[in-house]
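2 protein chains.
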Amino acid sequence: MIDLEILKELSLRTPTKIVLLVLDGLGGLPHPNTGQTELETAHKPNLDRLAAEGVCGLLVPVSSGITPGSGPGHLALFGYDPIRYTVGRGVLEALGLDFDLQDGDVAARCNYCTVDESGVITDRRAGRIPSEKNAELCRKLREIRIDGTEIFILPGKEHRFAAVFRGKGLGGEVADTDPQKVGLKPKEAVPLSPAGARTAEVINEFIARARAVLAGSHPANMILFRGISQRPNLPRMSEVFKLNPAAIASYPMYRGLAKLVGMKVLDTGSTFADELKTLGAHWAEHDYFYVHYKATDTAGEDGDFARKVHAIEEADALIPKILALNPDVLVVTGDHSTPAILKGHSWHPVPVVVHSKYCRKGGTKEFSEKACAGGSLGRIRAADLMPIAMANALKLEKFGA
Amino acid sequence: MIDLEILKELSLRTPTKIVLLVLDGLGGLPHPNTGQTELETAHKPNLDRLAAEGVCGLLVPVSSGITPGSGPGHLALFGYDPIRYTVGRGVLEALGLDFDLQDGDVAARCNYCTVDESGVITDRRAGRIPSEKNAELCRKLREIRIDGTEIFILPGKEHRFAAVFRGKGLGGEVADTDPQKVGLKPKEAVPLSPAGARTAEVINEFIARARAVLAGSHPANMILFRGISQRPNLPRMSEVFKLNPAAIASYPMYRGLAKLVGMKVLDTGSTFADELKTLGAHWAEHDYFYVHYKATDTAGEDGDFARKVHAIEEADALIPKILALNPDVLVVTGDHSTPAILKGHSWHPVPVVVHSKYCRKGGTKEFSEKACAGGSLGRIRAADLMPIAMANALKLEKFGA
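Heads up: the protein sequence lines correspond to chains A and B, in order.
Just so it is clear: in the first sequence, position 307 is 307 by our numbering, and no numbers are missing.
Just so it is clear: in the second sequence, position 213 is 213 by our numbering, and no numbers are missing.
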């Protein structure tokens, strides 16, 4: 992985266009009955055509054996070493809810949860209350005032919301209050460094007040805090890569991540067809588009092999709409693997295809984990993908004389 | 290679079990008459089966083109960057002779050698004297006293022994006194840093006294010092990986290395069958087993192609005994290559197979250098193997949100 400082010196502004299509959680594992992965099972003529015309390989998102969260998985695809550049989950969530996070703000990802009379958690997700109920409860939480601190409560989907605290002396990181298990009481907020002392105090006070406000709101009668963090100072893609990048993603976290590296987040609908309509509508305005497709990951997380296969097929069917725009470089990959049989993210390297006029195609016949393992691109760090895409778009100058 | 500090945060204690079988010096080169390597020549149905069911690749022990010693070769397999974590040969030898090396002890690997009247070396191994003679001479050397220094003399096999010096002011590293060639005199012990000054003095005094003691013991009438070093402070596997690891190895050096990373060294016999009996007997007690098989390396070092083939076949025949224990992850590889035609360690990457339920098998048909070069695991740093084994045993949490 080359240093961003070097890329900054080499990158050129040109009219060529790059599209990065992220099929979230793309990589899989064989179904026990068939011995074929989700990707091998899917009928995906367009991805296979890309693989035949392009160059394939496997991406290692973080490092061998390491299972990435969505944050590190995406930062790597955007060209950032995910070990060096880390982002707290609270920050991602707040950004994804279109909150204009400022330097110094402390953000947390929160859940409504259920506690019994003795304060012990019986459901960490409050029975996944409807989003409307969530919004109503968030309005109540907004009435909580703490001297010297501005508080923003941002409802998300089902039981999820984000909380942002703004004020003097709020710094550092604070440990989660979510014990990650039912049968335990929520933990106190504890600072992870002296800088977080005041932050922990404020959060503990907020939680105590929230408990009183929510006392009659069973099953959502308590809250849990996770990923309490501040916005990291990431170099912007416009500075490093001299791109004018846009993000098309319907889920909050991915929009948030895109904002963090300075992408313009475009308004879009919730289906892949909507996203591609947005891509077409804004085609002239940007030279880099990150398009996020969530259905593959959701199906994998649910352990639904057939639905993941179907999600791949649905994405495949619309790929001609991207090709019709004639991008100079089209990259299709995932931010990590989510094998249905593991019902979660995994460490397995992720298939990738880079399709461009200059990609030195490698004779791969289909787009699958096995075919990509034999692809000419080899097995590379995911953060190496961005320089490869830039190069294929003829956007990088020679290094050295 | 990910930092051990990060692995420490991600690793989980679980009931799953990992077996690392090290066929020492496994990798080879083609026989000039047949064009087939030792591994390609051997009849090894069990290794081939593992390769077909698992995922194969090549391990680079240290770095491209670098021939590793057994120390770096093994440290890498245990997950430690062998360039960052180095271990002196003296330390390894002393540990392998079951010596309880303490912080600050200076250890050396020594040889009895033969010198002529003028002190010039005529045989660096003193005609490989019998181990009994070695033990007798070591008893004589034990009578040497140096003020302020405690001295431990530990007989090994044939002409080899270890010397350990304990006392105030003994620090740093000291260069070898073995000139590595006959026809030269032994060198003076010279400190490699100011901290080694007193150590060099003590060793030179010891050698002078030993020369007098051994004057009548031709062919073992002098001694040579190598690998003069102190125990490095390696993080223990129990801390980094939250494992309760055990080592099964009949040769001193490998037991020593295992101790250095905190493995429990199990008593075992000298054959591979003995080692596997030990594995079975202690199966319930540990979650990680390092099993060392020496015969492949010895044959390679002797330049005996046929014997190395036979050694591979002997190991292969007993692999079902490991599989019968049903390990969650079985890894078979070597610490380095030892091609018979080179009669020594080499820089060539080492075949590896990772066999587990979740390994994403890659369709490799046999276990050989060539097949592994096309394996889905790719060509990876050996120190990346441990996170991969941990991941396959579901012993690593997700990195980042």
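One thing to keep in mind: the hints can contain errors.
Chain copies aren't distinguished; within one or between two, either way the pair holds.
As the list claims (entries may be wrong) - Below, simulated DSBU-like cross-link-like pairs (lysine-lysine); rule was C-alpha separation at most 35 Å, straight line:
| no. | residue 1 | residue 2 |
| --- | --- | --- |
| 1 | 185 | 321 |
| 2 | 168 | 398 |
| 3 | 343 | 398 |
| 4 | 187 | 133 |
| 5 | 398 | 181 |
| 6 | 157 | 361 |
| 7 | 259 | 8 |
| 8 | 398 | 185 |
| 9 | 140 | 242 |
| 10 | 370 | 398 |
| 11 | 17 | 140 |
| 12 | 168 | 140 |
Honestly, the hints are just simulated from the structure, not real lab data.
Values in this document were obtained by computation on a predicted structure and should not be read as measured data.
To see whether the hints hold, each was checked on the structure:
For the identical chains of this complex, residue 185 and residue 321 are neighbours neither inside a copy (50 Å) nor across copies (47 Å), given an alpha-carbon limit of 35 Å. In the homo-oligomer, the alpha carbons of residue 168 and residue 398 lie at most 35 Å apart only across protomers (33 Å), although the nearest pairing inside one protomer, at 47 Å, exceeds that limit. In the homo-oligomer, the alpha carbons of residue 343 and residue 398 lie at most 35 Å apart only across protomers (13 Å), although the nearest pairing inside one protomer, at 44 Å, exceeds that limit. Taking the shortest alpha-carbon separations for residue 187 and residue 133, only the intra-copy value of 25 Å comes in at or below 35 Å, while the best inter-copy value is 67 Å.
Proximity of residue 398 and residue 181 under a CA criterion of 35 Å is satisfied inter-copy only: 17 Å between copies versus 53 Å inside one chain copy. For the identical chains of this complex, residue 157 and residue 361 are neighbours neither inside a copy (43 Å) nor across copies (38 Å), given an alpha-carbon limit of 35 Å. Proximity of residue 259 and residue 8 under a CA criterion of 35 Å is satisfied in both settings, with 19 Å inside one chain copy and 31 Å between copies. Taking the shortest Cα distances, residue 398 and residue 185 sit within 35 Å of each other only across copies (24 Å), while inside one copy they are farther apart (58 Å).
Proximity of residue 140 and residue 242 under a CA criterion of 35 Å is satisfied in neither setting, with 44 Å inside one chain copy and 44 Å between copies. Proximity of residue 370 to residue 398 under the C-alpha cut-off of 35 Å is found in both arrangements, the shortest distances being 33 Å within a copy and 24 Å between copies. For the homomeric pair residue 17 and residue 140, neither the shortest alpha-carbon distance inside one copy (46 Å) nor that between copies (50 Å) is at most 35 Å. In this assembly of identical chains, the alpha carbons of residue 168 and residue 140 lie at most 35 Å apart only when taken from the same copy (24 Å versus 70 Å across copies).
Figure legend: structure checked against the earlier numbered hints; hints not met, in rising order: 1, 6, 9, 11.
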